[in-house]
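Take the given structure of chain A and dock chain B to it, following the hints.
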Amino acid sequence: MDLYEHQGKDLFDPAGIPLPERAVATTPDEAAEAAERLGGHVAVKVQVQMGGRGKGGGVALVHSPEEAASEAARMFEQGFGGAVVTRVLVERLVDIAAQFYAAISLDRSEGTYLAMVSNDGGIEIEKVARTKPEAIRRVHVHPVRGLRAYHARRLTGHLPVEAREGASDLVTRAYAVLAETDATLVEINPFVLLTDGTVMALDSKVTVDDNALFRQPGAAALADSFPIDPIERRARDAGLQYVKLDGEVGIIGNGAGLVMSTLDVVKQAGADAANFLDVGGGASAEVMATSLEVILSDPSVRSVLVNIFGGITRCDLVARGILEALERVTPQVPIVVRLDGTNAEEGRRILAEANHPRIVPAATMLEAAERAAELALEGVA
Amino acid sequence: MAILVDEDTKVVVAGITGSEGTFHSLRNRTYGTDVVAGVTPGKGGQDVEGIPVFDTVEDAVGAAAANTSLIFVPARFAAEAIYEAADAGIGVVVCITEGIPVRDMAQVGAYLRGTETVLVGPNCPGVISPGRANVGIIPGEICAPGRVGLVSRSGTLTYQIVHELTQRGIGQSTCVGMGGDPVHGIGFIGSLERFEADEETDLVVMIGEIGGDDEERAAAFIAERVTKPVVSYIAGFTAPAGKRMGHAGAIITGSSGTATAKAEALEAAGVGVGRTPTEVAELVRAALP
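Heads up: the protein sequence lines correspond to chains A and B, in order. Those letters in the first sequence? Residues 1 to 381, by this note's numbering. Those letters in the second sequence? Residues 382 to 670, by this note's numbering.
There could be a bad hint or two in this list.
Claimed, not checked - Below, simulated EDC-like cross-link-like pairs (lysine to aspartate or glutamate); rule was C-alpha separation at most 16 Å, straight line:
id, chain 1, residue 1, chain 2, residue 2
1, A, LYS244, A, GLU293
2, B, LYS391, B, ASP415
3, B, LYS624, A, ASP2
4, B, LYS624, A, ASP210
5, B, LYS391, B, ASP440
6, B, LYS624, B, GLU605
7, B, LYS624, A, GLU77
8, B, LYS609, B, GLU648
9, A, LYS132, A, ASP120
10, A, LYS267, A, ASP246
11, A, LYS244, A, ASP272
12, B, LYS624, A, GLU232
13, B, LYS609, B, GLU580
14, B, LYS609, B, ASP583
15, B, LYS624, A, ASP229
The set of hints was computed from the structure by calculation and includes no laboratory data.
Next comes chain A alone, as it looks inside the complex (with noise of 0.2 Å):
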């Protein structure tokens, strides 16, 4: 789970990580008080679950409340990068020596954390690592020893002498909050040496591992905060892995591999799917029926393809399933069926009893995709 710039400083402070006076505004009004309050001289910050915001015109450093409140209407008229903005964070400014940055991520391929340093800060960390790769210090961090004091200093050994003690001490308590949270990245793009000497972080862009959810009921608390399509609600509120996509066949399958494998092959049959799901394993009647509803109430959905490997699932079940969904609704599209292994012959049976006009029965998973591609297609011409 992304937080919200914002949602990622609420943890900083308390981890004594500097960080800029600051306030949460969801109205240009919020934003004219805030900014009043904080001498005026602030940043206004689009608070959304992407990078590239400085750029995009996401952010905008202003003198006045006026000029606050106006900024903010703007962010909340427009939205930023197709995202709906529903709040931004008002910002003193500071007076910036220097910019630089911190990152503290999992590592997939060592199965452990790497820290990295880079005495460029405030642009894309990619662009310096193919630009000026001398200017990042990288550090793999065990995940029980964790980030030690020779760790931080070698991170933060080639800033300017009066930032190193600061950065230090920055990437110390950004390791913290990594590991109290079950954060699987934490980046501060970028942290600063201030005029006075302080070293501050001015953003933040925090991700929690979803897996770790269940003991973090603060970060948990905050899901809700995130805008998500309404067809994507209902599928995760009945369990369903779903994701929305651009196509016209609508995808039900079990087990993430062979979902992203039915995309693939749809593609190659000239189409476009319109999702995936994922029904999981031991899906029964219940969740087929819920998953062709969640599929059903897409407007661009214009065939759907059902692709089950039984193993634990029983191919059945899923017949019956369908079956029933379709009590429920009435589908304007024809829905390709594929059912192979445990009780395939059974599920096969109940759907050929049934001679439902909108089930096309296919043999594998070829032919089935090539059906679903072509009746879509069709659909649309």
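Just chain B now, kept in the frame of chain A:
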């Protein structure tokens, strides 16, 4: 010979008294696997259809000579179950549990590096050496004994490809489900290394997906160390960046972890990459001696 599990495998099931644990323990036993014990704290002395239940893995090793652990316990207790198995001297730990926090797995991984224990998973379907032992939830009836080794990040996609192989009369030495988590136990490289050394494996199928760089590193390993033919499949060519596709580890981050990059790396290492599960089976048939 096969790899990881065979006729000498003696399984202790952690979480055997849970519904999934019971169901699969019995299924594995019906397949012919030697399921010698179960562990559920507080239920020592009971039995599940004749399989004795112990309070600790250590007891199961002592009383029933278990050498392989199969874990079905809930995510919040799974790391504990892995530590317990390793400390009891279990050689192969197969963890089916999905949803374990990645920090727990990073710590488990760091611990296991100092031991002889090999972890398979988590968030995986387990390991089967057809005709010898089935440790996990892979449906045994779609597999057939043979000489193709298989290692995969996905469950049902593996079933699909194994099914296509078996239908063509191509059996398997061992199928390893390494799981869909970003931090996991044995991976492509560990499996390839074992298959390369296994006299009963002629060819290896590796099934990857978007996210991370396991496939790229496997490609480098194959180029350097693997003499047997390798055929691959990668899922997720049409997956969008930044969206998690079901598995915790299946996500394209920025521009890294794409299916295209993985397929290119593997092809450059001389690996045939099938674009559909069916094509994979055809490539295997063509490459077999």
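Given pair status - GLU293 of chain A, LYS244 of chain A, alpha carbons within 16 Å: 14 Å, holds
Pair hint outcome, LYS624 of chain B versus GLU232 of chain A [Cα-Cα no greater than 16 Å]: 12 Å, holds
Hinted pair LYS624 of chain B and ASP210 of chain A, Cα distance within 16 Å: Within the cut-off at roughly 13 Å; holds.
Straight-line alpha-carbon gap LYS132 of chain A to ASP120 of chain A, limit 16 Å: 9 Å, holds
Holds or violated: LYS391 of chain B to ASP440 of chain B, with C-alpha atoms at most 16 Å apart: 14 Å, holds
Restraint status (C-alpha distance of LYS624 of chain B to ASP2 of chain A at most 16 Å): Judged against 16 Å, a Cα distance of about 12 Å means the pair holds.
LYS609 of chain B paired with ASP583 of chain B [C-alpha distance capped at 16 Å]: Holds, at about 6 Å.
16 Å Cα cutoff - pair LYS244 of chain A, ASP272 of chain A: 12 Å, holds
16 Å limit on alpha-carbon distance, applied to hinted pair LYS267 of chain A and ASP246 of chain A: Holds: LYS267 of chain A and ASP246 of chain A sit about 12 Å apart, inside 16 Å.
Hint consistency between LYS609 of chain B and GLU580 of chain B [alpha-carbon to alpha-carbon, up to 16 Å]: Judged against 16 Å, a Cα distance of about 11 Å means the pair holds.
LYS624 of chain B paired with ASP229 of chain A [C-alpha distance capped at 16 Å]: 13 Å, holds
Restraint status (C-alpha distance of LYS624 of chain B to GLU77 of chain A at most 16 Å): With Cα atoms ~26 Å apart, LYS624 of chain B and GLU77 of chain A exceed 16 Å; violated.
Comparing the model with each numbered hint stated earlier shows that hints 6, 7 do not hold.
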